[in-house]
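Chains as they are written, first to last, in this note's numbering: chain G, 1 to 188; chain Z, 1 to 488; chain W, 1 to 119; chain U, 1 to 497; chain B, 1 to 330.
Think of the hints as simulated: they come from the structure by calculation, not from any bench. Beta carbons are placed, not taken as given, at the ideal position from N, Cα and C, and that holds for glycine. Worth double-checking, as some hints may not be accurate.
Stated by the list, open to error - So the derived list for chain W, only partly shown, Cβ under 8 Å to chain B, looks like this: (1) V14; (2) K31; (3) I60; (4) G64; (5) V65; (6) N67; (7) P73; (8) L80; (9) I83; (10) V85; (11) I87; (12) M115.
Said to hold, decoys possible - Quick list of in silico lysine-lysine cross-link-like pairs, DSSO-like style, CA-CA up to 30 Å: (13) Z:K205 to Z:K448; (14) W:K111 to U:K303; (15) Z:K110 to Z:K77; (16) Z:K360 to Z:K448; (17) U:K100 to U:K303; (18) B:K203 to G:K67; (19) Z:K110 to Z:K360; (20) Z:K205 to Z:K360; (21) Z:K110 to U:K373; (22) Z:K445 to Z:K156; (23) Z:K448 to Z:K110; (24) U:K373 to U:K100; (25) U:K435 to U:K303; (26) U:K435 to Z:K110; (27) Z:K361 to Z:K205; (28) Z:K110 to Z:K205; (29) U:K303 to Z:K156; (30) Z:K77 to Z:K156; (31) Z:K156 to U:K100; (32) U:K435 to U:K100; (33) Z:K156 to U:K373; (34) U:K303 to U:K373; (35) U:K435 to U:K490; (36) U:K490 to Z:K205.
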Amino acid sequence: MDLLLDIASAILLLTGGFFVFVGGFGVMRMPEFFTRMHAASLTDTGGAALILLGLMLQGGLTLVPFKLAAIFLFLFLTSPTASYALANAALLSGVSTACRNETGAPLPENEVDSADSKPASKSVAKTSASRTSGRKTTAKQAAEQAAPKAAARKASKKAAKKPAGKAAKKPARKAAKKAAGKPAGKKS
Amino acid sequence: MIFSEADTILYALVIPLVGAIAIALAGRWPNVRETVTLTTAVCLAVVVWSLVPSLQAGGRPELQLGEMLPGLRIAFKVEPLGMLFAALASGLWIVNSVYSIGYMRGNNEKNQTRFYICFAIALAAAVGVAFSANLLTLFIFYEVLTISTYPLVAHKGDEATVRSARVYMGILLGTSIGLLLPAMIWTYSIAGTLDFTPGGILEGKIAEPLVGLLLLMFAFGIGKAALMPIHRWLPAAMVAPTPVSALLHAVAVVKAGVFTVTKVFVYIFGIDFLFNQPSHRLIIWFACFTIVVSSFIALRQTNLKRLLAYSTIGQLSYVVLAASVLKPLSEVGASMHMMAHAFGKITLFFAAGAIYVASKKTEITDMRGIGRRMPWTMAAFAVGALSMIGVPPTGGFISKWYILGGAIQDDNYLALATLVASTLLNAAYFLPFIFAAFLYEEDVKPVKPHGEAPWPMVAALTFTALLTFAFFLFHQPIADLEAQILVK
Amino acid sequence: MAVLGLYNYFIFAVLLMIGLYCILARTNIIKSLIGLTIFQGAVFLLYISTDKIDGGTAPIIQEGVENQIFANPLPQVLILTAIVVGISTTALALAVTVRIKEAYGTIEEDKIQEMDREL
Amino acid sequence: MTLYDQLPALVVVVLLFTAPITYMLRLHGFPWFSAMAAVVTSFVVACSLAATTIGGETIIYEMGGWPAPYGIVLHIDALSALMAMLITGASSAALIFGAKSLADEVGEETAPAFFAAWLLCTAGLVGMVITGDAFNIFVFMEISSLSTYVLISAGPDRRALISTYRYIVMGTVGATFYLIGVGFLYMVTGTLNTADLAERVGQVEDIRLVLVAAGFVSVGLAIKAAVFPLHSWMPNAYTFAPNAVTVFIAAASTKVSLYVLMRVDYAIFQNSIANHDIQLTFFLVPLGVLALFAGSMLAIYEKNLKRLLAYSSVAQIGYIALGISMTSVAGLTGAIVHMFNHGLIKGGMFMAVACLALRYRTVNVANLAGAGKAMPWTMAAFVVGGLGLIGVPLTPGFISKWYLVLAALDEGWLGALLVAIILISSLLAVIYVWKAIEVAYFGEPRSNAVPVTEEAPLVMLIPTWIVVLAGIWIALDTSVTVGLASIAAKTLLGVEL
Amino acid sequence: MITIVFSLFLLTMLVIVAVGILRTDNLFTAVMLSGIFSLIMAANFFILDAADVALTEAVIGAGISTVLFLGALALTAEYDRSPPVGTWVPLLTSSALGGVIIFATLQAPRLGDPNAVVHKHVAPWYLDRTPELIDVPNVVTAVLASFRGYDTLGEVFVVFIACIGVMSLLGRVRPRRDSIEEDEFDKRTDNLRHHLIPRVVGKMLVPFIVLFGLYVQFHGDFGPGGGFQAGALIAAGVILYSLLEGGPRGRELVPEWFSSLLVALGAFTYTCVGVVSMAMGGRFLDYSVLSHDPVHGQHMGILIIEAGVGMTVTGVMITIFHAFSRRGIR
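Construct the entire structure; sequences and hints are all you get.
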């Protein structure tokens, strides 16, 4: 009986581990912020859930599985919320959806747009990679902080694009709509 | 007297301090202030002089105040040298007060109250130095004397006086803390005590080469004795008003210097111990060098007060020379010279002050024929000058006689030669001025025609001149008193 | 194998170096403060790596369990105190930084020094 | 347990007990009053502790009732009692003196926080001095440092903030060095109690860790004590802190770190490391000599009076460092006596400067001209303090110089050199003290400067003159200070009384 | 063996993060990395069998200190830094420091070797005598609260001073600030309002966080926990609430005067326990005199002082956060 349990928990743990690995790998490979964030958040919740389930099986009938269940519930609630908050804040603060190849070099046709997006997205990506439940509050905090940086950058972008004329007046949402149309074509 | 001797010492110290406070309180009423100064001076003199009879009988009054450091007490003991210095200082303070009243009024100087307060504190320090029983107490009052005379030297307060007062303070404080303090602490660490004991406390406790070093540290540590390299504070202090220069030169400061040197030689090293240490000859060399060089510089001086300053440097080195010859006659000669020089030099300074008050002249070159206008002042000046040279009717002769006797006893030809040469040099820079003052016509007209200086100044002048004669006549009791130093 | 035992101390030394370098080399005040937290964090690591004992667990004594080896509680107590001291110092330093920003308008030490030198 | 046995704990507990109350009650003027009451009671307790320990016996007080190496133990001997007296005395004098100048500089709104911080600074310093546990010294060092940062940052000038920041960084680095040192000691001995450490350090076979621990502790404490090369935080901190705060920290705070250095070096390392005294000499003598010359030279060319006195404090700390490095009874006595005397002299001088600052609104030496006539009593106090720095007899400075030179003389030729250095630096002290005195008494006040006519308020003058007269009294009758100091030196060196 | 592998991995991660902090120019990244640094440090402590310290480091190091840094960053609105100043002197001093330590610790006792001196002298006494003297399962709390209670008293006052310091620095009403434009700042803080989902989930979580904090507070005797961790956790809950709902609402939840009262009350309770034990004839902070049976007295003493510590730390963290957040809004 417990051999069966061991095998089941081993399978669960392995798949959970694989999910998290894929998430990490996705963050590395994805071209720009939103896709990278998408990869990280999904696998994070799923992987953690599987690992916790695997551990619960190991725990047997003591108090441990209930504690693990509590942790699972907590993660299950907070992790998606954190990812949502991050995405929302990024969208609001106008993180550009321009694509880049894996080495981070901007793709040829949209130099202007991506020139100033690189610093913002690089740093925000790194923070999303550090998502853990313990700092749920700080993730929200991070989102709220991302806004001021974007505001400053928006001002500079306005200045940079003055000669380009029409693009300067558009609010961030316009940039987001433009980006949504482009990623499909861009993925190499 | 009615109260015991220990109390006398205490009163001798307290009276000037109480006087200083009283002067401070009476600051706004000049007449009251002057009378307070005079009464304090007189009381101090009476109290101090009351100790003389018991001294002559060989008594040594003592007073212990308190233990400042474990094993070191603030204590006082009156012995002949101290008695002489204290009597001299308190006596001349009366004369100086009388004189300075005239001078201050004549020159209507500002913040005179500060002048009198610092004067009183300086006198208290001088008496403290005279009566101290150990080197620590002496050092304390020595420093108090330095600090209390700083405001006097910087009396005028303008840029020049402040700068020379800075030199005055720098050298005196520098030498005392830089050399005298370590020497004192070194003696304490070697001898275990600092008390002045006849026959010295360093007997056999210190090896040969170090004795010389310690001796030099003491000699140059006591900046007030104005040996050559550290003499510059004396001419710098000439910016002070004349009564202060008189105090500095004749009554307290320099006297404290040479007094300390003699006390250190006699009571710390001990005459016999020091005599058979070859390194004590160093001091004789320095003293002779100072005498000769200062006399040469005095020759070239035109400012009267600077001339007197350099002559003081010379005369001080007489006392140091006499003390370092280490013969009984020369020790007595040293103390006698302290007295003689005091009377002579104070007269000269009073005269210089009188001339300045009356004719506002300070340079010798334009003082030709002043003898006709101010006969009494110039007469006193002449007597003072003769005493400096050592001509018989004045006190200077007596002390030089003793010093020469000591030098012959030790057949120290260097000392003999220096004494003779300096006597000639003294004559060389005093006599031409006196002749010019009396015999020549007045070529430089004073600012306004003037007669003698105000009467209190002239009275003080003549009194001190008479003192030099009196010292010549009644020097014997003082000589016997000083001879007590030598008996073990 | 023996060298691995000293790995903690080696890391402690490296972290101290990084912390001190960050404090001294960086002119930005907040960056220096983060350097300071790293510097203090390294010391916590030193103390706690002394309390480890092979086969020991956290020093909580259950009734049933007999002859269980426990880790040494003393450094843990010291480090509890040190962590709170560290956070208090950081909080105070950050408050001062905010006031410096308002007073000087910048938190770069070299710029502040220039502004002071003009006075 | 009668009240008498509880005294060792009470000296700190009184202050800790009143601090939260001072912070909470926001009535007008109450914070100052409660702070002053607590500090004065603690001063009285410290004096009674000194009375008991003057006989040479040591009071051991187990905190929480637990025996020595397991619980924390208070270890009070003559030295700690003397230091406790100095700290609480300086604190109460500065508080009583500073009432008016603090009301002027620290607003009514932050007064509760300020005075609570003042109480805790005193508690931290006293706690450091009486405790017998190495880690406890760190905790109380942090209490006193943090509250000092708060006190300094309350200064009116904006530069107080940047100097507080620099003091925070250097202070924390120093405290962390001390912590590393204590950590290494703990690793090789397993205990934190100082007495227990002293025994067990001797039995440690590999000496390398102990040496490095000694190095770390000494460097950490040198930073906190502002010994010369590590002193850069101190001048600005003293200059821009509120005047009353400068009076207190100048008199007490750096001395406590020197006290801890002395206790650690002599109680723990002296009889355990082989040639510890040679190492100590090689560490402290160069630092001390450098401090003497650099401190005095910097003070001579300094325009701001408070920073001038701060640099002179750097020089005086050099004296104490020299005293400690001489590892002889006379040397240690000189160092301990100078700690106490310098506290008194510098406290008095900073009080005088605070009076000047209150009237002249500036502490720049140039525009204090004519202060001699305008504020005669304040300037007189400053002059007496200045003479104390120089070491003129009848001032405390003379006594400490006397012992330092006496100790240096038995060190042979190195000693003679030290004597020369000590005396040359006191001559340098003459220069910078006289520079200030000359400007004050003989300088002409500039035409545009606002004419100051009236003297400092009586409530500030009286404490100043009490401190000055106390200085002159302990210069005359040294039985208390030198008595306690020599007993402390003998206990530290293990020489029987 | 496993612990060696884990600690190797985590320690190297620690150094990598530290170097990351050093090299990054963007302060915001540096603050987030310092949060990660504390978290890895907490994991390290857990592996080294220091459960209490791991919890404290996680809550205070990763939670509170990152929030404080971000608060300060928001107020100073500083993004990038100027190039580093001359790097020779710092490099030299730090490498000298590192060299000395490495040289010294070559002979230090190996990690975890049982016959190290540290495990021989004072520690065994604590482990053997706690059940009999204080009878509290968690020996760390026993040592923290009773054996070395004076240290913890000192530490409570350190936290008390931090609060006093921040209040005296940022307490005063600030003059108009000109560094960040007025509207810019207000726009940024209230646009959190329409983050609907985080507000709903957050407000649901706050009670559980506070509940967990209280659990840790009173569970301190039995498992890892105690006043400091509990205080920080409760404060984290309140801070989360005021982050989501905006500063003014947060101050309604826990008003200014209440958190200051908590701070002073906590420190005061702790000292009062000591003074009471002195009054009842024992030494300062000697809990055994508090009631007839010494062990019961110890329990009571530890409970009260842990409560005092919890109150103080909660009050301090909340006051400091409010001081920072109130400073921004105008």
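Hint check:
no. : hint             : verdict
1   : V14              : 5 Å, holds
2   : K31              : 6 Å, holds
3   : I60              : 5 Å, holds
4   : G64              : 12 Å, violated
5   : V65              : 11 Å, violated
6   : N67              : 11 Å, violated
7   : P73              : 5 Å, holds
8   : L80              : 6 Å, holds
9   : I83              : 5 Å, holds
10  : V85              : 5 Å, holds
11  : I87              : 5 Å, holds
12  : M115             : 14 Å, violated
13  : Z:K205 to Z:K448 : 66 Å, violated
14  : W:K111 to U:K303 : 23 Å, holds
15  : Z:K110 to Z:K77  : 39 Å, violated
16  : Z:K360 to Z:K448 : 9 Å, holds
17  : U:K100 to U:K303 : 26 Å, holds
18  : B:K203 to G:K67  : 22 Å, holds
19  : Z:K110 to Z:K360 : 18 Å, holds
20  : Z:K205 to Z:K360 : 57 Å, violated
21  : Z:K110 to U:K373 : 14 Å, holds
22  : Z:K445 to Z:K156 : 27 Å, holds
23  : Z:K448 to Z:K110 : 23 Å, holds
24  : U:K373 to U:K100 : 23 Å, holds
25  : U:K435 to U:K303 : 10 Å, holds
26  : U:K435 to Z:K110 : 24 Å, holds
27  : Z:K361 to Z:K205 : 56 Å, violated
28  : Z:K110 to Z:K205 : 54 Å, violated
29  : U:K303 to Z:K156 : 26 Å, holds
30  : Z:K77 to Z:K156  : 38 Å, violated
31  : Z:K156 to U:K100 : 37 Å, violated
32  : U:K435 to U:K100 : 29 Å, holds
33  : Z:K156 to U:K373 : 15 Å, holds
34  : U:K303 to U:K373 : 21 Å, holds
35  : U:K435 to U:K490 : 40 Å, violated
36  : U:K490 to Z:K205 : 28 Å, holds
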